[in-house]
Amino acid sequence: MSAYVLNLITVRLLIAALTLLIVSFAVFFATAMLPGDTATILLGQAATPEAVAGLRNAMHLDQPAFLRFLHWLSGLMSGDLGTSYVNNVAVADLIGGRFVNTMRLAGITALFSVPLALTLGITAAMFRGSLYDRLVTILTIGVISIPEFMVATLAVLIFSVYLKWLPALSFANDVTSVWQLLKVYAMPVISLTFVVAAQMIRMTRAAVIDTINTPYVETALLKGASRPRMVLRHALPNAIGPIVNAVALSLSYLVGGVIIVETIFNYPGIAKLMVDGVATRDLPLIQSCAMIFCVGYLSLITLADIIAILANPRLR
Amino acid sequence: MSSSIPLFQKFGYRFSWVGMIGLSIILFWGIMALIAPHIIPHPVGEIVDEDYFGAISSRFWLGSDYLGRDMLSRILMGARYTVGISLAAVSIACFSGIVLGMTAAVVGGWFDAALSRFLDAMNSIPGKLSGLVVVAAVGSSINVLIVTLAVIYTPGAYRFARALAVNIHAMDYITVARTRGEGILYIIGSEILPNITGPVLADLGLRFVFIVLLLSGLSFLGLGVQPPYADWGALVHENIGGLPFGAPAVIAPSLAIASLTISVNLLIDNLPQKIRDRSA
Amino acid sequence: MQNLVEIRDLKVEATTDSGRRVEIIKGVNLDIAPGEIVALIGESGSGKTTIALTLLGYARAGCRISGGNVRIAGKDMVTLSERDRAAIRGTEVAYVPQSAAAAFNPAKRIIDQVIEVTRIHRLMPAHEARQKAIGLFRALSLPNPETIGSRYPHQVSGGQLQRLSAAMALISDPKLVIFDEPTTALDVTTQIEVLRAFKSVMKKGGISGIYVSHDLAVVAQIADRIVVLRNGEVQEIGTTADILTRAQHPYTRALLAAFEPQPRGGEILVKDRKVLLEVKDLVAGYGAKHRDGLPLIRAVDEVSLSVEKGRNLGIIGESGCGKSTLARAIAGILPASSGTIIFENRELPSAVRQRSRDQLREMQIVFQYADTALNPEKSIEEILGRPLTFYHGMRGKQREARVGQLLDMVHLPNSLRHRRPQELSGGQKQRVNFARALAAEPKLIICDEITSALDTVVAAAIIDLLKELQRELLLSYIFISHDLSVVEAVCDEIVVMYGGRKVEEITPAHLQAPQHPYSKLLFSSVPKLDPGWLDALELDPELVRSYSKS
Amino acid sequence: MNDKTLNWTPSDDAMVENAIRRGATRRELLQMLVAGGIALTAGGTILGRATNAYAATPKSGGQIKAAGWSSSTADTLDPAKASLSTDYVRCCALYNRLSFLDKSGTTQMELAESIESSDAKVWTVKLRSGVTFHDGKTLSSQDVVFSLMRHLNPDVGSKVNSIAKQITSVKGVDPLTVEITLAHPNADLPTILSMHHFMIVQDGTTDFSKGIGTGPFKLESFEPGVKSIAVKNPNYFKPKGPYIDSFEYFAISDDNARVNALLSGDIQLAASIKPRSMKLVESQPGFALSQTTSGNYTNLNMRLDMEPGNKADFVAGMKYLINREQIQKSVMRGLAELANDQPISPASIYYNAELKPKAYDPEKAKFHFEKAGVIGQSIPVVASDAATASVDMATLVQQAGAEIGMKLDVQRVPSDGYWSNYWLKAPVHFGNINPRPTPDILFSLLYSSDAPWNESQFKSKKFDGMLLEARGLLDQAKRKAIYDEMQVMISEEAGTVIPVFLSNVDALSGNLKGLEANPLGGQMGYAFAEYVWLDA
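Residue numbers (our numbering), protein chains in the order written: chain A, 1 to 316; chain B, 1 to 280; chain C, 1 to 550; chain D, 1 to 536.
Just chain A, with the same shape it has in the complex (with noise of 0.2 Å):
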């Protein structure tokens, strides 16, 4: 790898870190503008004036916001994403097992998608204009617009409540082995599946026809090659960057975006526990979901980035 690439890639790495310090820092004053004085809202009944003032002192609460933010930024960069206000709790211990849930579901999702989504999009591209390439655009269309809820609930009825295949709820923590793992997580991945893999399919194939028009294509066709080799040896090793690209978007949607599928199939993930912060006003507990899913964007975003300029052998 060369000196040019490493410092592209260096570059690429600041500009993430630069972007998520500009997150944390609205994040933090997003959180902070919520209505209702923390210190009241945690004290309730025994919110006396008195009590109130020392709570707040207590928890630096009358400090200046910027004040507390740095206070809360330092303590986020030593790994401290500091106490629930609700339960008294660690909220990385509140986080910990819900993070490796969704991480689990967007790993076993994006093992299952990614590979069906290229596959689809790729041949399509490979047969563009058969009744094939057809059909997978019309069905991408008919699933793109529709509501999740709509496919989760339609897939709950036909798989757990009729067919009585799948169980309807999925529990992160029941598994003990493979069969049950695929179990448990058919009916969610199923749902997920359809939400991302359309958008990748679309993409995958965009991508995929704009390099089968390039002249080298064309020379490879005037080679005497057959089109799977056209697309798969030519087209293929070009068209990386943009589907690293949209791969890396549609999975992002797998870290925060699940709320739905999460609460329709009561998976403990952490979308649905910044919901529940949100509701009882646990402020660190939201700042610290709000920066996983940062994390989790930026963090694929920048891989994809990578991946693109490795890719490129014009910069190796």
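Treat the hints with care, as some may be off.
Unchecked claim - Derived lysine-lysine pairs resembling DSSO-like cross-links, with alpha carbons at most 30 Å apart:
hint, chain 1, residue 1, chain 2, residue 2
1, D, LYS59, A, LYS164
2, D, LYS513, A, LYS164
3, A, LYS183, D, LYS513
4, D, LYS279, A, LYS164
5, A, LYS164, D, LYS232
6, A, LYS183, D, LYS279
Unchecked claim - Here are some chain D residues pointing at chain B (derived, C-beta under 10 Å):
hint, residue
7, LEU280
8, GLN284
9, LEU396
As the list claims (entries may be wrong) - Chain C residues, not near chain B, derived (Cβ > 12 Å throughout):
hint, residue
10, ILE134
11, GLY135
12, ALA197
13, ILE342
14, VAL544
Keep in mind that the hints were calculated from the coordinates and are not lab data.
All residues carry an ideal CB built from backbone N, CA and C; glycine is no exception.
Starting from the structure of chain A, add chains B, C and D where the hints point.
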């Protein structure tokens, strides 16, 4: 291609049948949204059916909902909210995204870098959750919904418009305009904008679909239009109990959502194309 | 002798945007004997590439072969199945594309692409193919033949890539090679090397070839016969010598005439010689600035020149010599880092933004590609009208009338005013591009390669127009080009640039011969309409090596 | 009066319930209790009541999963802080109370052997001997002292602090005897102690996440906002039960998802399903519905200290504008009983039968609104899915209002955070109140001037005085007379519109047996885990 519409051809455009169908459905819902209050057979909040999840009948063309309200009236009024809110939000999002994106592309430098970083940061917070936080902070009203949805989708529109504008900005005619001494406003408005309208409109359509879906997702989480009105997402959600019986109360609004989003997608994929035919 | 290629009554149809079918090849007949090289000559849109591609049984998207047959060694490419065609492509008929830079897959190593044909058709084991490729690299005089294949396309120069693409075509010992304008994108000094390599390999292997080009001089060096095409029809077929010396068809004659435009000679427009523009020690470039304010990459390095009123200055040089950057620096698009620009006895600020509206108006720049210089979303009237409003405050009827005059000046019909640029031909667009500069009523027009993207005949007409307008409007031009004959046709003085520096200034009127070795090399590399020119040309290999990038 | 109908339907149930309500047995019993110096002993008379329980022998073993509807990271196992039904269910499985209400609404002894008093002011509680906590420690009077006294400590944040305030001291006389002294006499103390918040925890407990109690189940794991798993307590002091080996509880907030989970066999009990889901459950074989009509209600609250509730005529108008019959019929699909704006349910002996529900009368409502000068204003009405059926009720009132030109602006807000952010706070909003065992508790919690949940900020010195007076009265007839008047006061003066009492419907899998209706609420008064069993 023989499947072109002659009418459009007269204006130098080529438009496929599929796109035409998409456009007609969109127009249909647009008109419904406008005239709904005058044509609905029953007030949306009134319980008119003794039964609930009633079937399609001559009195209730689309059956009745879980309370026994007339589904046809609710869907027609729902069009107002789904179409209206989404359109307003997508317009605001795309307008601000495009203006910012073009400005960033033309001005460049620190302005571009700072704006891009900031909007990237906004983009990294999941839409539904930021929607939840906003509604928790300021409550749910149509205006809040529109602004929230617009803010959520502005970074995307910005990214898209900026990428297009950067390409256009590299064109020689922009350089020509600059060497003529033109100001930023002219360059943005007269030189760049006309060249990105096509893709921007397509992007707007796609974003519209996403907003319709996000709106129904938010309705699912309990944030949305206030009763007795309901957008289509909320109609599906509140009647989803009727799904096992195939109640029209849940099927009809789902079809409405699907018809709108699919039509928009079809239209975007088959936008009228200007006939670039020198000899024509 | 049996012909290798027999094309009979070939017809190709294209579908236009509005869905109409248009015949773009209208019944072409053509034979090629084994070992013979036939050139297809014509301007853009004449159908030369389309015919060449039918030899591979291929028509580009939107086109289809609608009639006739294309027999190669007895097999008709038109009626074969797609699978059978694929079997012939790369093995019997091979293709050398116009732009090797675009035709090489940027993501794969060169050697893998060169020997891919042998893999697709299972012609030979990979190591054998590699050895053969190295032999071809050597035969095509590529440097480091052993290792050049392990590079990626972006790591080698354009001339090398073009030769590598020939190796890619030749690896399977085809019977017929199709060269699709293979040297058009190259600089003249590079072109010679490539042409020589092609010629020797083809002759040595006794391979038949089709050479598609718009450049008669290039074709003259390599082809046995020339086919002149226009609008999908054959105008004239003859041996190279016949076509060059005894052309029958008027179109062929026009082509020949356009090839060598009239030199400007010593025409004097303005009696009292006054300096209009003076550039002193101009430095401009890209990248981070050093502490002394100079850029990291100096594209223009301390160039000085002057333009007199009513006289024209030519700037010539190969790609990357900094001639376009110089034009941009003078125009203020890329502000110069140091040096002075004095226009009409007043020093100009370096950046556009700091110049006054009148300063901007008096110096106009016209770009090479009218396609990107004209906003596709605006009508010709809007494009020409804007500078009128902007500089002269014209509106309504007055503006309308002036637009009409401008169109008239560039010999365009008034009816074009409501069209959009893409509805115009290349030459028409370049005229509009030029008319826009005229609209400002400038004193100096910087023309940056304005004829390079045009066909020879069209370019010649544009040059005539330039000369005519100069006479009428007492303009001065800075004329930038890589094409010596064009520069000679327009300019009073010629500045030769190399590596960002001005190497020599020549005044053709004084029949002043170039002195600088680079100028000599450059001037001698321009092909002549003489079939023996290439073989007779002797260049000092040392000189070529030190100035060539290939 | 045991009901042995096997194929019961909701309507049968309602009929039987009414019969019991109107019957004399219970009234006589209660009168007897009062007359007899209030001496309740363990193992009181069992009154028949609508039930779906087979008269079959319960079987032991098996695991069940059940789902409530609300939970969050604020889920707690501290009975003093329990606020959601989910918390109650978990606490009932882990802890015991001194007394409890059986399905007939009769107070029964649980950890106490007896709770006695001669003057209703100083009470003696005798504890059962040999009851052990999950960690092996034996229950003693100190645990009871700790468990009751902590409600008085403001730092604990007890939800029943205001009720507990009447306790002036709790003393351990000996290891198995506790003496409770009240500020004023209160004949209801045994019933008050049956409230879920008064569960007995171990002396000195500060960390409640372990859930160590004396209850039928031992906690195995607990994740707030996710779920809890508890296993059978082998040393449970009651001779019968629990029957199931393990008990998992969590919440599925989405009504459909909850029903679907039940239908797909993932859970055996889906608590509190919406009336609109009944059709689906009924259409599937092998599932049953358990209906409880207790004192649960969803009410419209108008704060009397804020615009527009400070205009008496607005409040009066709203009481006429609400179409109680339509709510009963359309919103609740018949699973409700008409109410008359006061919280005592018809099941109570203290129910004021003279106080009729106001009839829907838009004209009268309009008259009042015009008098209050609110016509033409747009008045926000906050509703949420968190308060059962409130959004639908709000829609009905809104429609009714629209017809007389009264503009009500329904604001549906998210269920998450509803109780902390909107309930009690918004000027006009909906609440949902779970049943309480006595009028005294209801009034103290909801209507006295210092009530923690005074939804409409109803403040009346006279009412407070009557509450105190009635509390100490041993004469049931006199008490009823006072309570009758208080009900009228609430109905007329308070800003709470209580249109109907809601029936709670739990859906359960056909093989889950032993679930009976309980006046304290659905899920057998949240204590079903101890009583249910799985039929093979």
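Results of checking the hints against the structure:
1. D:LYS59 x A:LYS164: holds, 26 Å
2. D:LYS513 x A:LYS164: Holds, because 23 Å separates the two Cα atoms, which is no more than 30 Å.
3. A:LYS183 x D:LYS513: Between LYS183 of chain A and LYS513 of chain D the Cα gap is close to 28 Å, so the pair holds against 30 Å.
4. D:LYS279 x A:LYS164: Measuring from Cα to Cα gives roughly 20 Å; hence the hint holds.
5. A:LYS164 x D:LYS232: holds, 29 Å
6. A:LYS183 x D:LYS279: Within the cut-off at roughly 29 Å; holds.
7. LEU280: holds, 5 Å
8. GLN284: Check passed: Cβ of GLN284 of chain D comes within 9 Å of chain B, closer than 10 Å.
9. LEU396: LEU396 of chain D check passes; min Cβ-Cβ to chain B is 7 Å, inside 10 Å.
10. ILE134: holds, 40 Å
11. GLY135: It holds; GLY135 of chain C is separated from chain B by about 43 Å at its closest Cβ, greater than 12 Å.
12. ALA197: Given that every Cβ of chain B is farther than 12 Å from that of ALA197 of chain C, nearest at about 35 Å, it holds.
13. ILE342: Answer for ILE342 of chain C: holds, closest chain B Cβ roughly 18 Å.
14. VAL544: holds, 34 Å
In this structure, none of the earlier numbered hints is contradicted; all agree with it.
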